[in-house]
Amino acid sequence: MDLTYQIQEALTKAGNYIHGRDSEDAGLKYASIAEWKEESGMVVASSSSTQSSGSSSNEDARRQWYKKGYEYWENESNCAATVDGVLGGFACLSKRDLEGSIDFVRYLKSSIRPELKLTKEENDGAPTRACECGAGIGRVSKGLLLPIGITQCDLVEPSPRLISSAPDYLGDKYSSKCRYFCTGLQDFQPKAQTYDIIWVQWVIGYLTDDDLLNFLRRCAVGLRRGGVVVIKDNTCDQEAFIVDRDDASSTRSFPYILAIAELAGLRVVYQRFQDDFPENIFPVPIVALEPKIWHTE
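Counting from 168, one number per residue, gives the positions in the sequence shown under this note's numbering.
Some clues are possibly wrong.
Below 20 Å or equal to it, Euclidean Cα-Cα: the simulated SDA-like pairs (lysine to any residue) are [what the hints assert, rightly or not]:
(1) Lys262 / Phe444
(2) Lys459 / Asp414
(3) Lys276 / Ala258
(4) Lys180 / Pro422
(5) Lys276 / Arg439
(6) Lys262 / Asp442
(7) Lys358 / Lys459
(8) Lys287 / Ser332
(9) Lys262 / Ile279
(10) Lys234 / Ser244
(11) Lys235 / Gln353
(12) Lys262 / Glu406
(13) Lys287 / Lys234
(14) Lys340 / Pro294
(15) Lys235 / Asp414
(16) Lys180 / Phe348
(17) Lys196 / Lys459
(18) Lys235 / Leu254
(19) Lys235 / Lys344
(20) Lys276 / Pro314
(21) Lys196 / Lys234
(22) Lys262 / Pro422
(23) Lys344 / Pro334
(24) Lys262 / Tyr274
(25) Lys459 / Pro422
(26) Lys276 / Lys196
(27) Lys235 / Lys287
(28) Lys234 / Ser342
(29) Lys287 / Gly316
(30) Lys344 / Asp377
Taking CB as the label site, the calculated pair distances span [what the hints assert, rightly or not]:
(31) Tyr274 / Ile448: 31 to 39 Å
(32) Glu176 / Lys344: 42 to 50 Å
(33) Arg434 / Gln360: 14 to 22 Å
No wet-lab data here; the hints were simulated from the structure.
Cβ atoms here follow ideal geometry from the backbone N, Cα and C, with glycine treated the same way.
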């Protein structure tokens, strides 16, 4: 079954929404995820006349989706290489965001997943490693991952302009503890059994459903036993998705995200919502995931 219909089936069975809307045009609404994808060219309605051209049409739409998102974030007028820039003008939220994330990881470690390795001492003297996905300038590595004791961080970011600014932002204390990968998450290939934490924040909306599914599958392979993939992102609660055509992104509902994670072979270890953001901010869940079946070489 096509992934879109698997997602819709999972949402419908659980009594969740499958309809969505445009972020700017109040009159532009979609009855289902499939309808939006068909109108955008992400999927082509099945018929004898479209099956032969469907694959190329899908790929053309996919390339355009990523091209638009790349151009948006590579444009300095849209996003300066600063905390305020990468947070879309919400630098005021960075401190409480990071504090919420630190509290999440500490609780996860102390009460849910004691086998999670954060420091060399906990890992029998071997370095621990994290991956910050959609890293921008390395805000999460500097404010969360390295301060909690992670030995080394890999930063993955598609914008050359932003990732090249990361070492200066990280400073002498942290920049030498990081490696820098300029690539989109749809192309990122984590090495097997490499990471204790893969942190994915405010970036999954730029991935298509198929690419998010495959990315999460690769992340599962990239985890060391006991490690977790953490997703922290905006969600919508009155529809399944909201499409932003300006930067080629979509905000999904939390059940929508969890449905993709489930189909990718992951299960929830622990979840909570960041509860101290202003009311005009999208709900932001934090969810730690693990593979249902751990990778073994």
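Verification of the supplied hints:
no.: 1; hint: Lys262 / Phe444; result: holds, 11 Å
no.: 2; hint: Lys459 / Asp414; result: violated, 33 Å
no.: 3; hint: Lys276 / Ala258; result: violated, 28 Å
no.: 4; hint: Lys180 / Pro422; result: holds, 11 Å
no.: 5; hint: Lys276 / Arg439; result: holds, 14 Å
no.: 6; hint: Lys262 / Asp442; result: holds, 14 Å
no.: 7; hint: Lys358 / Lys459; result: holds, 19 Å
no.: 8; hint: Lys287 / Ser332; result: violated, 28 Å
no.: 9; hint: Lys262 / Ile279; result: violated, 25 Å
no.: 10; hint: Lys234 / Ser244; result: holds, 17 Å
no.: 11; hint: Lys235 / Gln353; result: holds, 15 Å
no.: 12; hint: Lys262 / Glu406; result: violated, 29 Å
no.: 13; hint: Lys287 / Lys234; result: violated, 40 Å
no.: 14; hint: Lys340 / Pro294; result: holds, 17 Å
no.: 15; hint: Lys235 / Asp414; result: holds, 6 Å
no.: 16; hint: Lys180 / Phe348; result: violated, 39 Å
no.: 17; hint: Lys196 / Lys459; result: violated, 36 Å
no.: 18; hint: Lys235 / Leu254; result: holds, 18 Å
no.: 19; hint: Lys235 / Lys344; result: violated, 32 Å
no.: 20; hint: Lys276 / Pro314; result: holds, 15 Å
no.: 21; hint: Lys196 / Lys234; result: violated, 24 Å
no.: 22; hint: Lys262 / Pro422; result: violated, 27 Å
no.: 23; hint: Lys344 / Pro334; result: holds, 10 Å
no.: 24; hint: Lys262 / Tyr274; result: holds, 18 Å
no.: 25; hint: Lys459 / Pro422; result: holds, 18 Å
no.: 26; hint: Lys276 / Lys196; result: violated, 42 Å
no.: 27; hint: Lys235 / Lys287; result: violated, 41 Å
no.: 28; hint: Lys234 / Ser342; result: violated, 29 Å
no.: 29; hint: Lys287 / Gly316; result: holds, 8 Å
no.: 30; hint: Lys344 / Asp377; result: violated, 32 Å
no.: 31; hint: Tyr274 / Ile448: 31 to 39 Å; result: violated, 22 Å
no.: 32; hint: Glu176 / Lys344: 42 to 50 Å; result: holds, 44 Å
no.: 33; hint: Arg434 / Gln360: 14 to 22 Å; result: holds, 19 Å
Hints 2, 3, 8, 9, 12, 13, 16, 17, 19, 21, 22, 26, 27, 28, 30 and 31, counting from the list given before, are not met by this structure.
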